[in-house]
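Peer 1: Below are the chains, spelled out letter by letter.
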Amino acid sequence: MAKQLIDTYVAELPPTVQKAVHQSTAATTEKRYQLLGDDYADSDGLRKLAGAIRQHTLEYLDTYLAQAEESLTARGAKVHYAVTAEDACQAVTGILQAAGITKVVKSKSMVTEEIHLNDYLANQGIESIESDLGEYIVQIDGDHPSHIVRPIIHKTRGDIARSFEREGLGDYNDDPETITRRARKFMRGKYLEAGAGITGANFVTADTGRLVLVTNEGNSRFCLAPAKVHIALVGIEKVVPSDADLSLLLNLLGRSATGQQLTVYTEFINGPRRADRPSGPEQMHVIFVDNRRTEVLASDCKEILRCIRCGACLNVCPVYRQASGHAYRSVYPGPVGAVLSPLLAGDKFKELADLPKASSLCGACNEVCPVDIPIPDLLLRLRNRAHQEHVPSPGTPPMAGFALLGSHPLIWRSAMTFGAAKDYLPLDRLPVPYLGAWLKTRTLPKWRGGKFRSWMKSRHGRNGGGGK
Amino acid sequence: MINLATRPKGKRVQLMATCLCDAFYDDVARATVEVLEHAGCEVDFPEGQTCCGQPAFNCGQWPAARKVMRHTASVFAGDAPIIVPSGSCAAMMFHGSTLEFEGEKDRAAIAQVGARTWELGDYLVNGLGIKEWPGEFRAKIAFHRACHTRGTPSGAAVLQLLQSIQGLEIVPFGEEEQCCGFGGTFSVSFPNVSTAMGDLKLEHLRAVHPDYIVSGDMSCLMHLGGLAEREGQPLKTLHFVQILRDALHQHHGQATH
Ligand code: SF4
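As you go down the protein sequences, you meet chains E and G in turn. Using this note's numbering, the letters of the first sequence correspond one by one to residues 1 to 468. Using this note's numbering, the letters of the second sequence correspond one by one to residues 469 to 725.
Keep in mind that the hints are not guaranteed to be accurate.
[What the hints assert, rightly or not] Covered by chain E, according to a simulated footprint, are these stretches of chain G (three or more residues, beta-carbon under 8 Å):
no.: 1; region: 583–597
no.: 2; region: 610–622
no.: 3; region: 625–635
no.: 4; region: 645–655
no.: 5; region: 658–664
no.: 6; region: 695–706
No lab work stands behind these hints, which were simulated from the structure alone. We put the beta carbon where it would ideally sit given N, CA and C, even for glycine.
Can you make the complete structure from the sequences, with help from the hints?
Peer 2: Structure below.
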């Protein structure tokens with residue numbers, strides 16, 4: 001029987017990786033839960049409110065985006081729009097070339113992963129160094145992030161120590177403090193060499209044009225302190241109506257992402273250097289990236305654009321915990337990725353149409369999502385879409401026979417009675433692949449089809465029909 | 469999502485026994501009838517019932533799922549509460565159905581059926597106002613709350629009833645909120661993930677040595693019980709309604725089944 005790729009991946013994933021992913025995601029989930037419970041009487045209500053704010057923004061995104069552009073421009077930033085990933089990369093190169101810059105440092109940003117900015121810049125002869133420790137390790141290893149908040153959740157200390165040794169950052173040493181100190185030393189040199197700092201944005205407020213960045217390492221601050229040019233790549237859905245919305249969203253983001261009341265650094269950037277703002281980069285460019293987001297907005301899965309990339313749904317997801325991030329074969333793994341990645345894939349939807357299937361639909365993701373995205377509903381809609389588009393789904397039984405039985409009570413009842421035959425058949429040797437997949441690790445209970453119906457009938461006889 | 473607060477609460481009820489009870493777990497369906505009758509209900513069992521269509525719905529085969537749901541809606545005509553001894557099938561009735569019928573002409577009629585559906589424990593506590601249950605059941609149990617009751621009053625309702633039964637000890641276990649790994653067709657199309665999830669659950673359950681694993685959904689118990697048995701270390705499972713029924717029998721001085 002053909003296999004689901006994620007299921008095969010799980011079977012082959014080394015137990016050490018699985019254990020590391022499970023322990024760390026379970027611990028973060030627990031921290032998140034405790035902190036929200038301790039700090040708020042009705043954290044569920046807050047999630048719903050945040051969801052409503054984000055949904056409202058999406059419904060009026062055209063208005064808020066235009067307002068954000070106006071506010072940013074008024075503060076002296078230059079706003080660009082990029083329809084495709086290619087457009088976005090070109091915009092970045094254009095800005096760098098105009099300023100004669102060949103070296104940049106980056107802070108962590110999912111949208112730059114999405115458009116494969118580092119590869120593009122390398123091809124243009126521009127050196128781009130990741131300044132987030134995790135992302136830096138991913139970069140030197142030629143690897144991909146496996147989690148949207150903790151890119152190296154799949155790596156052990158030993159792996160990292162070996163990479164550092166290979167890169168000439170010192171002899172093998174897997175002490176976390178030593179690793180961090182070495183990375184810091186290397187990075188500080190790079191910060192000073194770089195002409196531009198490239199960041200993402202967690203939020204951009206429409207009313208004041210404030211760009212908000214949260215980090216725990218402070219690398220985005222370092223990125224921008226010596227740089228002449230700041231380029232921020234921002235998904236168009238990152239806009240929020242007003243500064244006032246930030247208090248709710250930031251409070252939920254830190255708690256949901258890492259179980260912190262607030263991330264260590266929260267930066268509010270309100271434009272480039274000017275008379276009343278004597279420090280910071282001389283130029284600030286904000287590139288709003290579409291890259292199929294407007295298609296998602298027009299689809300029946302637009303709620304996924306509420307996402308604030310906290311990673312809580314990855315941490316709680318029992319499938320992600322078994323599979324880790326690379327199993328999802330895309331930039332966004334876990335529940336959010338199972339929805340977003342196929343949608344952002346455009347005409348390659350079919351290649352990722354298996355992702356929405358990789359869920360028991362347990363709903364834990366929806367329960368922890370700080371913006372209350374109904375992820376299971378969206379997974380189901382995508383499964384329906386895949387079926388309509390005739391994407392093959394390995395291991396999924398065809399349901400035509402079931403529909404026939406389920407809509408014809410007489411056939412159903414006789415199937416119930418004759419199903420008893422199963423107890424006398426060598427089930428595990430029958431050529432029914434789905435049954436085989438069940439029986440390999442599980443037994444089936446004894447068939448008792450029709451027994452309840454006859455009991456009910458006999459009671460009716462006794463009681464003279466109807467209930468009691 | 470249908471507003472769960474406005475569902476009918478009358479005592480003349482329709483029983484949706486579920487396909488799993490129809491095929492395997494007749495005792496659970498029988499216990500449901502006895503418990504409802506004890507609570508003063510008149511139980512009607514529409515003979516034409518088959519399934520809520522969830523297997524087809526979950527694997528994205530919505531035309532097939534709608535066919536089954538249309539049949540189910542016609543079988544459960546009327547305005548009586550529909551009672552289901554499964555949180556998963558109940559959620560299919562009041563939530564899944566509204567999704568699969570988006571844009572369909574008969575969506576309102578289907579939603580009307582969903583808007584009458586209660587999971588059994590939810591109905592006993594929040595529909596009928598029962599706050600405690602008579603009788604005794606001497607055992608140590610671990611209660612697995614089925615995932616499809618997330619965001620519904622079912623989990624708390626069932627716990628409230630179980631906690632009121634004399635002699636019953638409910639033990640906590642690790643990662644209680646995690647899914648058992650069943651997930652319908654997921655269990656056969658992702659056998660490795662499904663089994664790994666189930667094994668993790670079993671590990672946590674075994675660590676607290678319960679006499680029974682108890683749930684409101686036979687699907688979770690079929691998966692967990694089946695895994696444990698295949699591993700050669702069987703675990704006893706019970707639907708909570710079987711405990712309610714046995715406690716009643718004890719209360720009335722009858723021998724249990
Ligand atoms: S979908 Fe929700 S829980 Fe998942 S990363 Fe986005 S905001 Fe966080």
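Peer 1: Give a verdict on every hint.
Peer 2: Results of checking the hints against the structure:
1. Under a criterion of three residues with beta carbons nearer than 8 Å to beta carbons of chain E, the stated coverage of the region 583–597 of chain G fails, only 0 such residues being counted.
2. With a cut-off of 8 Å between beta carbons, the region 610–622 of chain G has 4 residues touching chain E; three or more are needed, and the interface restraint holds.
3. Counting residues of the region 625–635 of chain G whose C-beta sits closer than 8 Å to any C-beta of chain E gives 0, which falls short of three, so the coverage hint is violated.
4. For the region 645–655 of chain G, the proposed coverage by chain E is satisfied: 10 residues have a C-beta within less than 8 Å of a C-beta in that chain, meeting the threshold of three.
5. Note: the region 658–664 of chain G has 7 residues with beta-carbon separation from chain E under 8 Å; the three-residue rule is met and the coverage holds.
6. A stretch counts as covered by a chain when three or more of its residues have a beta carbon under 8 Å from one of that chain; for the region 695–706 of chain G and chain E the count is 3, and the coverage holds.
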